[in-house]
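2 protein chains.
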Amino acid sequence: MTARNTDTKEEIVRIGTALIKSHGYNAFSYADIAEKLQVRNAAIHYHFRGKEDLLSEIIDQYIDLYNSLDKQLRAVGASATVTLEKFIERYSCLVDANSICIIGSIASDYNTLPVSVKEKVKQLVTLVLKLVEQTLAAGKKSGEFVFPETPKTQTLLLMTNLAAGVQLARITGKKDYDTIKKAIIRQLKGG
Amino acid sequence: MTARNTDTKEEIVRIGTALIKSHGYNAFSYADIAEKLQVRNAAIHYHFRGKEDLLSEIIDQYIDLYNSLDKQLRAVGASATVTLEKFIERYSCLVDANSICIIGSIASDYNTLPVSVKEKVKQLVTLVLKLVEQTLAAGKKSGEFVFPETPKTQTLLLMTNLAAGVQLARITGKKDYDTIKKAIIRQLKGG
DNA sequence: ATAAAAACTTACTATTTAGTAAGTAATCCT
DNA sequence: AGGATTACTTACTAAATAGTAAGTTTTTAT
Numbered sequence: 002m003t004a005r006n007t008d009t010k011e012e013i014v015r016i017g018t019a020l021i022k023s024h025g026y027n028a029f030s031y032a033d034i035a036e037k038l039q040v041r042n043a044a045i046h047y048h049f050r051g052k053e054d055l056l057s058e059i060i061d062q063y064i065d066l067y068n069s070l071d072k073q074l075r076a077v078g079a080s081a082t083v084t085l086e087k088f089i090e091r092y093s094c095l096v097d098a099n100s101i102c103i104i105g106s107i108a109s110d111y112n113t114l115p116v117s118v119k120e121k122v123k124q125l126v127t128l129v130l131k132l133v134e135q136t137l138a139a140g141k142k143s144g145e146f147v148f149p150e151t152p153k154t155q156t157l158l159l160m161t162n163l164a165a166g167v168q169l170a171r172i173t174g175k176k177d178y179d180t181i182k183k184a185i186i187r188q189l190k191g192g
Numbered sequence: 002m003t004a005r006n007t008d009t010k011e012e013i014v015r016i017g018t019a020l021i022k023s024h025g026y027n028a029f030s031y032a033d034i035a036e037k038l039q040v041r042n043a044a045i046h047y048h049f050r051g052k053e054d055l056l057s058e059i060i061d062q063y064i065d066l067y068n069s070l071d072k073q074l075r076a077v078g079a080s081a082t083v084t085l086e087k088f089i090e091r092y093s094c095l096v097d098a099n100s101i102c103i104i105g106s107i108a109s110d111y112n113t114l115p116v117s118v119k120e121k122v123k124q125l126v127t128l129v130l131k132l133v134e135q136t137l138a139a140g141k142k143s144g145e146f147v148f149p150e151t152p153k154t155q156t157l158l159l160m161t162n163l164a165a166g167v168q169l170a171r172i173t174g175k176k177d178y179d180t181i182k183k184a185i186i187r188q189l190k191g192g
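So the sequences go chain by chain: Z and S. Using the working numbering, read the first sequence as starting at 2 and increasing by one per residue. Using the working numbering, read the second sequence as starting at 2 and increasing by one per residue.
Calculated directly from the structure, the hints in this document are not laboratory data. Beta carbons are placed, not taken as given, at the ideal position from N, Cα and C, and that holds for glycine. Accuracy of the hints is not assured; some may be wrong.
Not the full set, but computed from the structure, chain Z residues with beta-carbon under 10 angstroms of chain S [what the hints assert, rightly or not]:
1) HIS46
2) THR113
3) SER117
4) PRO149
5) GLU150
6) LYS153
7) ALA164
Derived DSBU-like pairs: lysine-lysine, alpha-carbon spacing no greater than 35 angstroms straight-line [stated by the list, open to error]:
8) S:LYS141 - Z:LYS183
9) Z:LYS142 - S:LYS175
10) Z:LYS182 - S:LYS176
11) Z:LYS10 - Z:LYS141
12) Z:LYS153 - S:LYS176
13) Z:LYS121 - S:LYS37
14) Z:LYS175 - S:LYS182
15) S:LYS37 - Z:LYS182
16) Z:LYS119 - Z:LYS131
17) Z:LYS37 - Z:LYS123
18) S:LYS153 - Z:LYS182
19) S:LYS123 - Z:LYS153
20) S:LYS176 - S:LYS153
21) S:LYS175 - S:LYS141
22) Z:LYS190 - S:LYS176
23) Z:LYS182 - S:LYS119
24) S:LYS37 - Z:LYS87
25) S:LYS142 - Z:LYS121
26) Z:LYS121 - S:LYS52
27) S:LYS37 - Z:LYS123
28) S:LYS121 - Z:LYS52
29) Z:LYS183 - S:LYS119
30) Z:LYS190 - S:LYS141
31) S:LYS153 - Z:LYS142
32) S:LYS142 - Z:LYS182
33) Z:LYS142 - S:LYS37
34) S:LYS131 - S:LYS121
35) S:LYS131 - S:LYS182
36) S:LYS190 - Z:LYS141
37) S:LYS183 - Z:LYS176
38) Z:LYS141 - Z:LYS52
39) S:LYS121 - Z:LYS183
40) S:LYS153 - Z:LYS175
All chains, please: the whole structure from these sequences, using the hints.
This is the structure in structure tokens:
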């Protein structure tokens, strides 16, 4: 009651993000976050007027994250192989955490979201697809990757393999994800 | 109020299934079904004690559906190409209905389900994977399909492409799904 | 024709959820 | 030091959700 926590807002976003990835957007309430944070329900409303505002902020942070990730990897001149490895690693971590990717999770609840949030989700998806496509295109040019499809098509195939791969792993086990992951890499190495 | 509807139970399952595929399992309530069916809330409880029982029945019906589909296609001696076409067609219809596949939808809410339902979902997924794998294996043997991976691995790649493809289409539009669909077929025809 | 079973409705209750208004304690600013 | 601002809490309310108990109508079976 005495000590004031200055990063409550960040914690709310962190917990909210984790809940979406593990239970789904429409499966948690402010009460769940409040309990985990040991604050009252109204404290969440103070930081985010409603659940949609929280979701909006969560997506904004993902957009920022991918933009900085891209900038950073460019800055250090990371190869296409390393860049893609880091990207895939993110999905492997999701499997270990019994979670799915935020985009896949939101896709299920997409029709229940207000237009403003839908548009932000679209922005995020477009960004991620663009970054992966650039990586695949660069890798093809440098000879690191060999694949028959256009970078755009190969990106769609790779992204859907990963996104649904973590969803599947949740149901049938990690082995299926690992099989998919290895096949993705084989395909890019000119299997 | 006078005429008694003998297929209310089937209608509940139909509407429930549609709601899961369009809005997600945790995004609808019995009231939504009751309103669409023009009956009282308690009528839904009469047929299905709780939401989990309804979900359980919905999954059972999918298991039955895929089993009969398999039996029927075997009975008429359908080729691997035709069988797979029919299967893919199901996903294309989902896109047109602004829906996603039931497995993908449930995967998002998976951690909120009781163990009994989780096991049934696993059964369904295993069945679908088995049927597709058999089709791919048969197609490879007959020379209809040419692919470098094992039938099992190719099935995982194909299924994840399709499942996440319809999810993606919901956000970025049908074009991306069509690109994926064409690429899947190219891959099987020895692209 | 009637008893039993099926398919509901009415009428509740308890809990969760989303949200607001008003008050309080800590910190920040000058 | 004093006023404003921030970050909450307490204390509500309104609506949605899940569910039950008891009664009513319709259909089925004998």
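Do the hints match the structure? See the list:
1. HIS46: violated, 21 angstroms
2. THR113: holds, 5 angstroms
3. SER117: violated, 14 angstroms
4. PRO149: holds, 6 angstroms
5. GLU150: holds, 6 angstroms
6. LYS153: holds, 7 angstroms
7. ALA164: At about 4 angstroms, which falls below the 10 angstroms cut-off, the nearest Cβ of chain S leaves the hint on ALA164 of chain Z intact, so it holds.
8. S:LYS141 - Z:LYS183: holds, 21 angstroms
9. Z:LYS142 - S:LYS175: OK: LYS142 of chain Z and LYS175 of chain S at ~29 angstroms, within 35 angstroms.
10. Z:LYS182 - S:LYS176: Roughly 25 angstroms between the alpha carbons, so the hint for LYS182 of chain Z and LYS176 of chain S holds.
11. Z:LYS10 - Z:LYS141: Not satisfied, since the Cα-Cα distance of roughly 42 angstroms exceeds 35 angstroms.
12. Z:LYS153 - S:LYS176: holds, 12 angstroms
13. Z:LYS121 - S:LYS37: Distance of about 31 angstroms is within 35 angstroms: holds.
14. Z:LYS175 - S:LYS182: Cα-Cα ~26 angstroms, so holds.
15. S:LYS37 - Z:LYS182: violated, 43 angstroms
16. Z:LYS119 - Z:LYS131: holds, 18 angstroms
17. Z:LYS37 - Z:LYS123: At roughly 30 angstroms apart (the allowed maximum being 35 angstroms), LYS123 of chain Z and LYS37 of chain Z satisfy the hint.
18. S:LYS153 - Z:LYS182: The hint holds at about 14 angstroms.
19. S:LYS123 - Z:LYS153: holds, 32 angstroms
20. S:LYS176 - S:LYS153: holds, 28 angstroms
21. S:LYS175 - S:LYS141: Holds, at about 29 angstroms.
22. Z:LYS190 - S:LYS176: Measuring from Cα to Cα gives roughly 27 angstroms; hence the hint holds.
23. Z:LYS182 - S:LYS119: Status holds; Cα separation ~24 angstroms.
24. S:LYS37 - Z:LYS87: violated, 47 angstroms
25. S:LYS142 - Z:LYS121: With Cα atoms ~46 angstroms apart, LYS142 of chain S and LYS121 of chain Z exceed 35 angstroms; violated.
26. Z:LYS121 - S:LYS52: Given pair LYS121 of chain Z, LYS52 of chain S holds - Cα atoms ~31 angstroms apart, limit 35 angstroms.
27. S:LYS37 - Z:LYS123: holds, 30 angstroms
28. S:LYS121 - Z:LYS52: OK: LYS121 of chain S and LYS52 of chain Z at ~31 angstroms, within 35 angstroms.
29. Z:LYS183 - S:LYS119: The given pair, whose Cα atoms are some 27 angstroms apart, holds under the 35 angstroms limit.
30. Z:LYS190 - S:LYS141: Status holds; Cα separation ~23 angstroms.
31. S:LYS153 - Z:LYS142: holds, 31 angstroms
32. S:LYS142 - Z:LYS182: holds, 26 angstroms
33. Z:LYS142 - S:LYS37: Not OK: LYS142 of chain Z and LYS37 of chain S at ~55 angstroms, beyond 35 angstroms, violated.
34. S:LYS131 - S:LYS121: Given that 35 angstroms is the threshold and the Cα spacing comes to 15 angstroms, the pair holds.
35. S:LYS131 - S:LYS182: holds, 20 angstroms
36. S:LYS190 - Z:LYS141: holds, 23 angstroms
37. S:LYS183 - Z:LYS176: Holds, at about 27 angstroms.
38. Z:LYS141 - Z:LYS52: violated, 42 angstroms
39. S:LYS121 - Z:LYS183: holds, 28 angstroms
40. S:LYS153 - Z:LYS175: holds, 15 angstroms
When the structure is compared with the earlier hints, violations turn up for hints 1, 3, 11, 15, 24, 25, 33 and 38 and for no others.
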